[in-house]
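Participant: Residue-level listing of the chains:
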Amino acid sequence: MLKTKVGRRLFVGDWRKEAALVLTSPANQQLSFKGSLNMRMKFLALAAVALLAACESTPNDAANGANTGAQQTSVRPGSAEDFVVNVGDRVFFGLDRFDLSPEARATLDRQAKWLQTYGSVTVTVEGHADERGTREYNLALGERRANSVKNYLAAKGIPAARVNVVSYGKERPAVVGSNEAAWSQNRRAVTVVN
Amino acid sequence: MTTKTRLLLKLAGATGALLLSLGVAAPQEARAELRIDITRGVSEPLPIAITSFAGAGGRDAQLGADISKVISADLERSGLFKPLDPRGFLQTPEQLRSGEPRYQDWKALGAQALVAGNTTTGGDGRMKVDFRLWDVAAGQYMQGLSYSASPQEWRRIAHIVADAIYKRLTGEDGYFDTRIVYVAESGPANARKKQLAIMDQDSANHQFLTDGQTLVLTPRFSPTSQEITYMSYFNKKPRVYLFNIDTGRQEVLGDFPGMTFAPRFSPDGNKVIMSMAQNGNTDIYTLDLRTRRQTQLTDAPGIDTGPSYSPDGQKIVFESDRGGTQQLYVMGADGSGVKRLTFGEGRYGTPVWSPRGDLIAFTRQRGSSFAIGVIRPDGTGERILTEAFHVEGPTWAPNGRVLMFFKDLPTGDGRGRNANLYSIDITGANERRVSTPVGASDPAWSPLIP
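Which chain is which? The protein sequence lines are A and B, in order. Going by the UniProt record's numbering, the first residue of the first sequence is number 1, and it counts up by one from there. Going by the UniProt record's numbering, the first residue of the second sequence is number 1, and it counts up by one from there.
Be aware that one or more of the hints could be misleading.
What the hints assert, rightly or not - Take a look, some chain B residues computed to stay more than 12 Å from chain A by CB distance:
hint : residue
1    : Asp85
2    : Phe89
3    : Ser435
Said to hold, decoys possible - Derived contacts from chain A toward chain B, CB cut-off under 7 Å, selection only:
hint : residue
4    : Arg132
5    : Glu136
6    : Tyr137
7    : Leu139
8    : Ala140
9    : Asn147
10   : Pro173
11   : Val176
12   : Ser178
It should be emphasised that the hints constitute simulated quantities derived from the structure, not laboratory data. C-beta atoms are modelled at their ideal positions from N, C-alpha and C, and glycine is treated no differently.
Between the sequences and the hints, there should be enough to build the whole structure, so can you do that?
Facilitator: This is the structure in structure tokens:
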């Protein structure tokens, strides 16, 4: 059982396992992970906790990187955990947009640098949309966003063959909720180390 | 005058094909017709007395009673009929079997139409169901039909009888002998389990078609076969698939380098039209199911998706953001002559051409407000039928008079969402929840079962 102090409720899920990984927030403000976790789930959970702890209302790409502090001690350089915690795995987009903000480009610069350091690693960029759009349009929009990331990484010298893209449209929100705080975190592209 | 026709019924999930013999006893046409004008919207539903189809006793009595209940429920749900409480009926089913109705008794109850029927099981184990329909006010017999089938098919027979009554009294084809395929949703909103599921249009005979291990979206019925096209994330590769309802066999459609999605059949069932997204650009393609040839129909930069054929197969409506925002466009079946259809405020998506050809249903979004609407194929007559945050994904009943869609509403605690199916008349009247065992989205209505 992994426990960490965070003053915020959130849900984290991993579609790869088709299993719900639910964070509950009881009165003592402790979050507990229910169910058995494999390593990848831990990484995702850590990243999400770090991310949400860092930004209360709007996502901040820069905060999703090296400054998260606490849980870095046992991270193996070049690992998926290293990428999530020390580089930052996701960038965010404006409503119905797929262009990259300066913050997003800064995150992707770090991703490109990391991918150049670890030249054998391949990644999948997952594109997502918020719930305010029809299902099929959002699938196309998620693909556009994932490709924005792939193209940027390519311009920074990462071969296209190392970067796979997939769109989940609005099917896999990072944060559940029908408000701008949730939507802004769901309009995202997440780079996942394969 | 009596004509006899025979229909071959192919039923999925049942014991294979069965032969349904349909004896049609067509009466002489009445003059001052009892008729519901269904183009008017919310008129008063027609009071109709539907007596038990009870047979001579035992199993036939139970079957007959159940059949009348299914007929009543079908007609009631349409919003056009008001079945009367059988406890007030003065004439018994036996009396109606042997003679004329006592029209005065039925008039006194307020009935405008009267239905009586009978269920018998023959020596061969087959069930025979017949019914008669009378115009109470005019004191006239209107129609009588007789069906025989395996007793397991009693619900289908009831739906077929309801369709016949609906057609006789509205002049429009019925839609009760149909099924719905949809996406069953369970689990938390950020890791939703989604399964293909199928049921009769009245929610009976529900079954799951996939196990939920793989994310599946947007199933659509073949107009001609027991097949569904849908999108699946099998092996994390989102592609359009074909699902055979009889065998459970699933097959990826085409060999596309990018994600394929938004599939629909052509009206002749020979093609699937869909979108492919690659390098940030989404275009529309067809796959010929016989030759397996892939044809690209659009090449505008941007998102072209949601294609749907006109019922004659000559045109395609689709959504595109080529003009800056998501709007509906119509083009020829070969991709030529693209014309913009919607110019309203907001974004338009999920166009679906009515099986009658007269309307195109869509989802419209303005800010955070979603609506289901219809528009004529020439771009005139846009009407909104229902609005909520949020509604999405209309599908047509085969007679083009009723739409089904889903509503995805925030849960009470604001931390999740619940999706459910609803149906609505194209006049905007009679919006109703469609019952499903778990959450439900992406409904698709089957054609009338052949």
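Participant: When the hints from earlier in the document are held up against this structure, which numbers fail?
Facilitator: Hints that this structure does not satisfy do not exist here, as all of them hold.
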